[in-house]
Amino acid sequence: MTVHEDHEDLPVAARTRRLEERLIAAGLTTDDEIDEYLTGLYTKATPVNGAQMAARAWADGRYRDLLLSDGNAAAAELGFSGLGYQLQVVANTADTHNVIVCTLCSCYPVSLLGPSPGWYKSFAYRSRTVREPRAVLAEFGLALPEDAGISVWDSTSEARYMVLPQRPPGTDGLAEGDLAALVTRNGLIGTALV
Amino acid sequence: MTYQAGTRVRVRTGDPDHHTRVPRYVRGHTGEVVAALGRWTLPDDSARGVEPPRVETCYAVRFSAADLWGSGEHTVTVDLWESYLDRP
Amino acid sequence: MGGQTGFGPVPVGENGEPAFAADWEARVYALATMLRRRGLFNSDELRDAIERLPPERYLSASYYERWLAAIETLVAEKGAL
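If you read the protein sequences in the order shown, they are chains B, E and Y. Be aware that the first sequence starts at 1, since it is given in the numbering used here, and climbs by one per residue. Be aware that the second sequence starts at 1, since it is given in the numbering used here, and climbs by one per residue. Be aware that the third sequence starts at 1, since it is given in the numbering used here, and climbs by one per residue.
By construction, these hints were calculated from the structure, which means they are not laboratory data. Heads up, the beta-carbon is just placed ideally off N, CA and C, and yes, glycines get one too. Hints are not guaranteed to be accurate.
[What the hints assert, rightly or not] A few chain E residues that face chain Y, going by a derived Cβ cut-off under 7 Å, partial list only:
{"#": "1", "residue": "Pro-16"}
{"#": "2", "residue": "Tyr-25"}
{"#": "3", "residue": "Gly-28"}
{"#": "4", "residue": "Thr-30"}
{"#": "5", "residue": "Pro-43"}
{"#": "6", "residue": "Ser-46"}
[Unchecked claim] In silico SDA-like links for lysine to any residue, alpha-carbon gap of 20 Å or less:
{"#": "7", "chain 1": "Y", "residue 1": "Lys-78", "chain 2": "B", "residue 2": "Lys-44"}
{"#": "8", "chain 1": "B", "residue 1": "Lys-44", "chain 2": "Y", "residue 2": "Arg-47"}
{"#": "9", "chain 1": "B", "residue 1": "Lys-44", "chain 2": "Y", "residue 2": "Arg-37"}
{"#": "10", "chain 1": "Y", "residue 1": "Lys-78", "chain 2": "E", "residue 2": "Thr-13"}
[Claimed, not checked] Label pairs and their computed distance ranges (CB to CB):
{"#": "11", "chain 1": "B", "residue 1": "Ala-26", "chain 2": "E", "residue 2": "Ser-64", "range": "47 to 53 Å"}
{"#": "12", "chain 1": "Y", "residue 1": "Pro-18", "chain 2": "B", "residue 2": "Asp-35", "range": "48 to 54 Å"}
{"#": "13", "chain 1": "Y", "residue 1": "Phe-7", "chain 2": "B", "residue 2": "Asp-65", "range": "57 to 63 Å"}
{"#": "14", "chain 1": "B", "residue 1": "Asp-70", "chain 2": "E", "residue 2": "Gly-6", "range": "34 to 40 Å"}
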């Protein structure tokens, strides 16, 4: 009898705990290891990271060029090294708005944006964004001008995509920290303007 | 690297019974290479424990919505391993 | 499932926000990471195991339920327990 067949009817939380216990008993993991990992995840993986990179790119043309040509090197400059994926950053312009999806499974640059929101993993987002992005963005309250082009990126490989939003108007005097505070996680996915 | 940026490439058809990373909606369609990405293990092999797994260049390939869906103004760019692609 | 129709509105709003709707979901995510690091399976095998779920199960299970089912499948197939 496999683990798979044995416990299908248990409430899923209990089923998870049962699997954990068996894996711990087999020496494949420990409670401490799991707790440490999750604590690290919650504290270190956050959209503040992506926002810092966007703000730096707005403030510094050299960094912007690096971010768009070698995302991993740009991330490392701000202390985000060992990403484990190839970071591809795509810039919004007056002509083109970018939006990111993973239709096959929900791949996402967790270390720079934090764990993905539920909607990103939904069948609706995964299926519709490549087909009717304008309608999907409207559901997020984002109404793009009629003549704005939309470029959808489907993350099917070891690359992970992030959007560099356009710098909002009227922000010329702002310090980098204040610029970063303007950048939202949805802006870095493309479901918001910034 | 086989395909330069700007090259037109056609996505192979076929519905393998093993894991693959070709989305169904681009199979058989022709797009344009935007960029070569890294050289990575082919997921089809890695998922099946094929030893050694093939390592290939992966390309970001752009398709028009009009071509994929028959309507729409947007583009969709998908990352595709080299063996998923042919010249049109 | 890119382009597949009929899935309705995107769950924007409070219900669609949390990365993990319950503790067990975060534990499943962590378990997958720990087992991957231990070399029990790789990401492609995990995705494959998720895709191998029968379609009715795939469509009715939540995202992390699918991960849990896939981990259980791989653990059994590899004789890890």
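Verification of the hints:
1. With a least beta-carbon distance of about 11 Å to chain Y, the hint placing Pro-16 of chain E at the interface is violated under the 7 Å criterion.
2. Hint status for Tyr-25 of chain E: holds, given a least beta-carbon distance of 4 Å to chain Y, under 7 Å.
3. Because the closest C-beta pair between Gly-28 of chain E and chain Y is about 13 Å apart, greater than 7 Å, the hint is violated.
4. Proximity of Thr-30 of chain E to chain Y is violated relative to the hint, the smallest CB-CB distance being about 17 Å (cut-off 7 Å).
5. Checking Pro-43 of chain E against chain Y: minimum C-beta separation of about 4 Å stays under 7 Å; hint holds.
6. For Ser-46 of chain E, the suggested interface contact is upheld, since its CB lies about 4 Å from the closest CB of chain Y, less than 7 Å.
7. With a CA separation close to 32 Å, the supplied pair Lys-78 of chain Y and Lys-44 of chain B exceeds the 20 Å bound.
8. With a C-alpha separation of about 25 Å, the suggested pair Lys-44 of chain B and Arg-47 of chain Y falls outside the 20 Å cut-off, and the hint is violated.
9. Restraint check for Lys-44 of chain B and Arg-37 of chain Y: satisfied, since their Cα atoms lie roughly 19 Å apart, inside the 20 Å limit.
10. With a CA separation close to 32 Å, the supplied pair Lys-78 of chain Y and Thr-13 of chain E exceeds the 20 Å bound.
11. For the hinted restraint 47 to 53 Å between Ala-26 of chain B and Ser-64 of chain E, the CB-CB distance of approximately 51 Å keeps it satisfied.
12. At about 19 Å, the beta-carbon gap between Pro-18 of chain Y and Asp-35 of chain B misses the expected band of 48 to 54 Å.
13. The beta-carbon spacing between Phe-7 of chain Y and Asp-65 of chain B, approximately 39 Å, falls outside the hinted interval of 57 to 63 Å.
14. Hint check: Asp-70 of chain B to Gly-6 of chain E, Cβ distance near 21 Å, so the stated range 34 to 40 Å is violated.
When held up to the earlier numbered hints, the structure conflicts with 1, 3, 4, 7, 8, 10, 12, 13, 14 and fits the remainder.
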